[in-house]
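There are 2 protein chains.
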Amino acid sequence: MTAQAQDHLLEEHLDHLRQLLREGAAEAIEEYLDRLPPGEVPWLLDHLSDEEQEQLFQLLSPEEGSELLEGLSEEQASELLDNLSPSEAAHLLNHLPSDEQADLLGRMSEARAAAVLEHMDPEEAADARRLSQYAPDTAGGVMISEYLAYPDHWRVGDVLEDLRENRQRYLKYDVQYTYVVDQQQRLVGVLRLRDLVLADLEAPIRELMIPDPIRVTTDTPLQELRDLFHQHPLRGFPVVDAQGRLVGVVRHEDVEEALEQAAQRTLMKLTGILGGEELRSMPLRLRSLRRLFLLSTNLMMDLVAASVIAVFEGTLSQLVALAVFLPIISDMGGNAGFQAVAVSMRELALGLIRPGDLLRVAWKEVQVGVLNGLSLGVLVGAIAWVWKGYPALGVIVGIAMALNTVVAVVLGGTVPLLLRRLRVDPALASGPVLTTLTDMCGFFLILWMASRFLLGG
Amino acid sequence: MTAQAQDHLLEEHLDHLRQLLREGAAEAIEEYLDRLPPGEVPWLLDHLSDEEQEQLFQLLSPEEGSELLEGLSEEQASELLDNLSPSEAAHLLNHLPSDEQADLLGRMSEARAAAVLEHMDPEEAADARRLSQYAPDTAGGVMISEYLAYPDHWRVGDVLEDLRENRQRYLKYDVQYTYVVDQQQRLVGVLRLRDLVLADLEAPIRELMIPDPIRVTTDTPLQELRDLFHQHPLRGFPVVDAQGRLVGVVRHEDVEEALEQAAQRTLMKLTGILGGEELRSMPLRLRSLRRLFLLSTNLMMDLVAASVIAVFEGTLSQLVALAVFLPIISDMGGNAGFQAVAVSMRELALGLIRPGDLLRVAWKEVQVGVLNGLSLGVLVGAIAWVWKGYPALGVIVGIAMALNTVVAVVLGGTVPLLLRRLRVDPALASGPVLTTLTDMCGFFLILWMASRFLLGG
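Sequence order for the protein chains is A and B. Take the first sequence: its position 396, counted from the start at 1, is 385 in this note's numbering, and no numbers get skipped. Take the second sequence: its position 213, counted from the start at 1, is 202 in this note's numbering, and no numbers get skipped.
Hints listed in this document are in silico derivations from the structure and should not be mistaken for laboratory results. These figures come from a predicted structure and were not determined experimentally. It is possible that some hints are incorrect.
No copy labels: a pair is met if it fits in one copy or bridges any two.
[Claimed, not checked] Pairs of lysine to any residue residues, derived as SDA-like cross-links and limited to a Cα-Cα distance of at most 25 Å, are as follows:
hint	residue 1	residue 2
1	K377	E63
2	K377	I18
3	K377	L137
4	K377	V367
5	K377	S364
6	K377	R224
7	K377	L392
8	K377	A124
9	K377	L426
10	K377	H219
11	K377	T286
12	K377	L284
13	K377	V309
14	K377	A310
15	K377	R349
16	K377	W437
17	K377	M289
18	K377	L308
19	K377	V186
20	K377	L292
21	K377	V293
22	K377	S306
23	K377	R412
24	K377	Q307
25	K377	V413
Go ahead and model the full structure; you've got the sequences and the hints to work with.
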């Protein structure tokens, strides 16, 4: 199918969904949504108006509605919830896993989150409140509270009876094993369900369990969790608090998903979206402000850098051709530096470098910088020479470009490490700091050399 | 612990590991690595020299070595393998899951991959070859071949016997259920292991299985797999080929991990690292060339944009103060446009927009562009006025900034969609295309207006 035909088909699906909404045909909608290719659902929901979205969730049962939400990205789900009343949102949240409840509540304003929590099932609300106190990039921030734990003095028969009685509720837990805790709720073992099946009903579970299982703490960072999962091919690890009490389970897929979200957020922050997130369905005011924050900071930094040019206005008025090369020097310095920023951000995320590796990183960047600086310097110098017919101009532009490239990559590679050491988010601040410094350096190099060697200033 | 203390501790661990390597104490090294916090291992390996890395893997058993590799990111693991001989690499690969074998082989040159495959266990090599033929962003590209499938005419007793006989080999499969296939290897059902335990040994598995399970095809895209996993809280889906034959299993965590890698690659490509990947442990020549590719393209584009300035050199020589604002216009246009690029890339990845949504995206960006353009225009105009003491200059700089911001965000929002329609990777090409166009537009606006209204040209 061509892209055009696919677009046309989507438009038809959208029209049909709108028709069903106008008819208020709840059952027909549920059936229709179930039959759609899952890849189309986010697009369709995004293209409904706010009123249509609200109407859709009012028509669907909370179970169906929450299933719909679960198929969406967190950003989009959060956007949709914002259109609903607190009680409507609460009914949907009741049916979501606890980690997603906490994530979605964490995206609301404090007042709204409180209003929604009030309408939620008290037990679900307590869980969500508890989970939302942990940092999002730790085991606590991604763990779920849907797990089974039994006291270590229980017998096999007790556990089987509980499983049978609560069968319906446990269905959504996707359980393969359960945990065993002591009287202080401290984790003491893990019990495979399949071992229960053939065991003596009177046997204490303490004798069947695997004692002292691998565990993580609520503050274990995501990257460390990933490393652990790669070392141990398990589905999940139990999470304990500082006292060794079992407080949740962290699953491999949730860790990977959180890491992916972190990567997306870094990307958005690096390009200057405050908070690392924007969808075009968000309110205009919010979108505008989030972008404006970094743009206006950048403008101020640009003015600082441009003041270097102002100092050399005399030089420029004597040799206007220099003005052509100022934006080029600025852009190339920014680009070369940003490549080094990206590599440092990646290596920081992978745990390959730490703030203490500053000199090592600088040296690695000097090498790349000299190679690429020479190549670019020769290239731009030759072009400047031929274009303007003025060999000395070519030499000066080339030398400025070469030196500025070295400065840019060394700064680009080390600025994220310095910011990390200062506990400033490197994704947010590396860009403006880098471009200001490289611009100042580049402008100064080219204008000072021109005034010194071309004009004899 | 302070960051400095942590760095110091790491250095000590590195020294100790080097000491053990010099002593060739294989067992002591294994024990030491097992005891280290998993977050430290990537750093330590990265800080060993190439020779030390090779020596380490020669000392460790293939099982221990492959476990070490599994705890690392794909980039780093691939880097480490490059230091080993084909037969050493093959021994390590033999013990990795099939999807990771395929990924790591896919990163080698063709000649090296062939040499490594020759030294691998023939069965493992055949599996890896088969898996590496699928695109990395599809179910085929992330599926594993470690799953169990039995013919539909088998009986419960046959299955249990096979499980018992191959217990050792199946341990690494982490099996909860097995698949049932017909004589043509077509998927017909799924069988939960726990249902086998209590079943009659003589019963055909056909009667116990859940018929017609959810399945995906080898070309199902990653994003669609994620949506499916969110809708169905299962650990994995069976993957079938065009003929409905079972060819693999795709697991939730592998889908999320692949999406995270794609996000990382997008980030690196956007900042201009060819291929979307660089670690500082890679060879200098490769690092330099991968960066240089985009830098030299950018330089050419910058020169095209700067030629607009050259046309107005007469204007500039009459009003040198304009030169101060050229790099600012250029930088701000690039920044504003990049924000829109990032949002479009994200919405494309989430399936919220398609190439056909061009006008919708443009309209959404116009709104943000007008708001932010006005704010920035007023700000920079006022500063230009005060700084240069020349009101008309302020007005012109402000208007140019405002208009250029609108142009930049509309281009930034739509260029990724256009590139996607042209089947060009938006992450790779959006940046250079965008900055060239906005630079040309910005330079023209400010210089043309100045020549027309300030100098009456």
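Comparing the hints with the structure gives:
no.: 1; hint: K377 / E63; in the structure: neither (54 Å within a copy, 48 Å between copies)
no.: 2; hint: K377 / I18; in the structure: neither (68 Å within a copy, 63 Å between copies)
no.: 3; hint: K377 / L137; in the structure: neither (77 Å within a copy, 71 Å between copies)
no.: 4; hint: K377 / V367; in the structure: within (15 Å within a copy, 36 Å between copies)
no.: 5; hint: K377 / S364; in the structure: within (20 Å within a copy, 38 Å between copies)
no.: 6; hint: K377 / R224; in the structure: neither (66 Å within a copy, 65 Å between copies)
no.: 7; hint: K377 / L392; in the structure: within (21 Å within a copy, 31 Å between copies)
no.: 8; hint: K377 / A124; in the structure: neither (57 Å within a copy, 49 Å between copies)
no.: 9; hint: K377 / L426; in the structure: between (28 Å within a copy, 23 Å between copies)
no.: 10; hint: K377 / H219; in the structure: neither (58 Å within a copy, 61 Å between copies)
no.: 11; hint: K377 / T286; in the structure: between (36 Å within a copy, 21 Å between copies)
no.: 12; hint: K377 / L284; in the structure: between (34 Å within a copy, 22 Å between copies)
no.: 13; hint: K377 / V309; in the structure: both (11 Å within a copy, 19 Å between copies)
no.: 14; hint: K377 / A310; in the structure: both (8 Å within a copy, 22 Å between copies)
no.: 15; hint: K377 / R349; in the structure: neither (40 Å within a copy, 44 Å between copies)
no.: 16; hint: K377 / W437; in the structure: both (19 Å within a copy, 22 Å between copies)
no.: 17; hint: K377 / M289; in the structure: between (33 Å within a copy, 16 Å between copies)
no.: 18; hint: K377 / L308; in the structure: both (11 Å within a copy, 20 Å between copies)
no.: 19; hint: K377 / V186; in the structure: neither (86 Å within a copy, 85 Å between copies)
no.: 20; hint: K377 / L292; in the structure: between (28 Å within a copy, 13 Å between copies)
no.: 21; hint: K377 / V293; in the structure: between (29 Å within a copy, 14 Å between copies)
no.: 22; hint: K377 / S306; in the structure: both (16 Å within a copy, 16 Å between copies)
no.: 23; hint: K377 / R412; in the structure: neither (47 Å within a copy, 38 Å between copies)
no.: 24; hint: K377 / Q307; in the structure: both (15 Å within a copy, 19 Å between copies)
no.: 25; hint: K377 / V413; in the structure: neither (44 Å within a copy, 35 Å between copies)
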